[in-house]
Amino acid sequence: DTGVSQNPRHKITKRGQNVTFRCDPISEHNRLYWYRQTLGQGPEFLTYFQNEAQLEKSRLLSDRFSAERPKGSFSTLEIQRTEQGDSAMYLCASSLVPLTGVMDNSPLHFGNGTRLTVT
Amino acid sequence: AQSVAQPEDQVNVAEGNPLTVKCTYSVSGNPYLFWYVQYPNRGLQFLLKYITGDNLVKGSYGFEAEFNKSQTSFHLKKPSALVSDSALYFCAVRALQTGANNLFFGTGTRLTVIP
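Chains as they are written, first to last, in our numbering: chain A, 25 to 143; chain B, 32 to 146.
Please keep in mind that the hints were generated in silico from the structure rather than gathered at the bench. Do not rely on the hints blindly, as some may be mistaken.
[As the list claims (entries may be wrong)] Incomplete in silico selection of chain B near chain A, CB under 7 Å: (1) LEU75; (2) PHE77; (3) PHE94; (4) PHE136; (5) THR138; (6) GLY139.
[To be verified] What follows is a list of derived Cβ distance ranges for each label pair: (7) LYS38/A / THR83/B: 44 to 54 Å; (8) GLU95/B / GLN65/A: 37 to 47 Å; (9) TYR70/B / SER97/A: 26 to 36 Å; (10) GLY40/A / LYS100/B: 46 to 56 Å; (11) SER91/B / THR62/A: 48 to 58 Å; (12) GLU46/B / GLN104/A: 42 to 52 Å; (13) ARG73/B / THR100/A: 17 to 27 Å; (14) LEU120/A / ASN86/B: 37 to 47 Å.
[What the hints assert, rightly or not] Which stretches of chain A does chain B cover? Using the computed rule of at least three CB atoms under 8 Å from a CB of chain B, they are: (15) 92-106; (16) 132-141.
Glycine included, every Cβ here is placed at the ideal spot set by N, Cα and C.
Let the sequences and hints guide you as you build the complete structure.
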């Protein structure tokens with residue numbers, strides 16, 4: 025178990041630019057989650073995948089945000105036309121859920137996050 | 032709608048003393064409840080969870096939490112605090128009846144253990 029890996033650790037970009045983050049989950053985990061965390065707040069859910077299928081998206085996820093998990097392994101989160109309000113820590117987490125449709129009571133395993141600063 | 036409240040932004044406790052970090056929740060139906068800890072510049076680490084059964088659950092690093100349905104609380108406790116327990120603690124809930132699988136987190140409580 026090498027843990028959840030996120031790259032890059034830090035990203036500084038200018039407003040209006042596009043950015044892409046990568047998450048490599050624990051290899052046998054079938055669920056992958058993206059969260060956003062701002063200073064003084066708890067993580068806010070953005071979206072999650074069951075294998076390669078994106079099953080749930082938060083209303084926080086504007087149309088500038090897109091996430092993919094093409095082969096059911098790693099995932100990317102892209103933000104287009106970044107705004108200063110997008111500055112945050114973006115956290116990825118994974119879990120192993122034994123059956124499709126079963127409510128997930130598995131703990132999430134989080135990566136160390138990607139800190140985005142939009143100037 | 033589901034929500035989690037951590038009423039204390041900051042908790043200070045002397046090393047060796049018992050500690051409590053409070054959490055209350057609001058969901059429709061039965062909850063799954065979790066505690067996570069976050070160290071500086073790191074992701075969250077799972078401590079313990081309540082799914083069903085015994086109201087007192089034990090977790091990592093000597094932590095435990097008690098589920099109280101009537102008070103809708105899930106307070107985190109440890110009998111004897113260590114300086115290394117100083118970190119940010121998050122309570123989280125997943126509501127079974129909503130069908131949603133996302134965890135909803137509180138705003139966190141910063142625990143400082145004073146040597």
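Results for each hint:
1. A hinted interface residue such as LEU75/B counts as satisfied when its beta carbon comes closer than 7 Å to some beta carbon of chain A; here the least separation is about 4 Å, so the hint holds.
2. The restraint placing PHE77/B at the interface with chain A holds, with a minimum CB-CB distance near 4 Å, inside the 7 Å limit.
3. Evaluation of the PHE94/B hint against chain A yields a violated restraint, the C-beta minimum of about 14 Å exceeding 7 Å.
4. The interface hint given for PHE136/B is met, as the beta carbon of that residue sits about 3 Å from the closest beta carbon of chain A, less than 7 Å.
5. With 7 Å as the threshold, the beta carbon of THR138/B comes within range of chain A, its nearest partner Cβ sitting at about 5 Å, so the hint holds.
6. Taken as an interface hint, GLY139/B checks out: its beta carbon lies about 5 Å from the nearest beta carbon of chain A, inside 7 Å.
7. Judged by the Cβ atoms, the range 44 to 54 Å given for LYS38/A and THR83/B holds: they are separated by roughly 50 Å.
8. The hinted window of 37 to 47 Å between GLU95/B and GLN65/A is violated, with their beta carbons roughly 26 Å apart.
9. At about 27 Å, the beta-carbon gap between TYR70/B and SER97/A stays in the expected band of 26 to 36 Å.
10. The hinted range of 46 to 56 Å is satisfied by GLY40/A and LYS100/B, whose Cβ atoms lie roughly 50 Å apart.
11. Look at SER91/B against THR62/A: about 26 Å separates their beta carbons, and that is not inside 48 to 58 Å.
12. Checked against the given bound of 42 to 52 Å, the beta carbons of GLU46/B and GLN104/A, roughly 49 Å apart, stay inside it.
13. For ARG73/B paired with THR100/A, a C-beta distance near 22 Å keeps the hint of 17 to 27 Å intact.
14. Hint check: LEU120/A to ASN86/B, Cβ distance near 26 Å, so the stated range 37 to 47 Å is violated.
15. With 0 residues having a Cβ less than 8 Å from any Cβ of chain B, the stretch 92-106 of chain A misses the three-residue criterion, and the hint is violated.
16. For the stretch 132-141 of chain A, the assignment as covered by chain B holds, since 6 residues bring a beta-carbon within under 8 Å of that chain's beta-carbons and 3 suffice.
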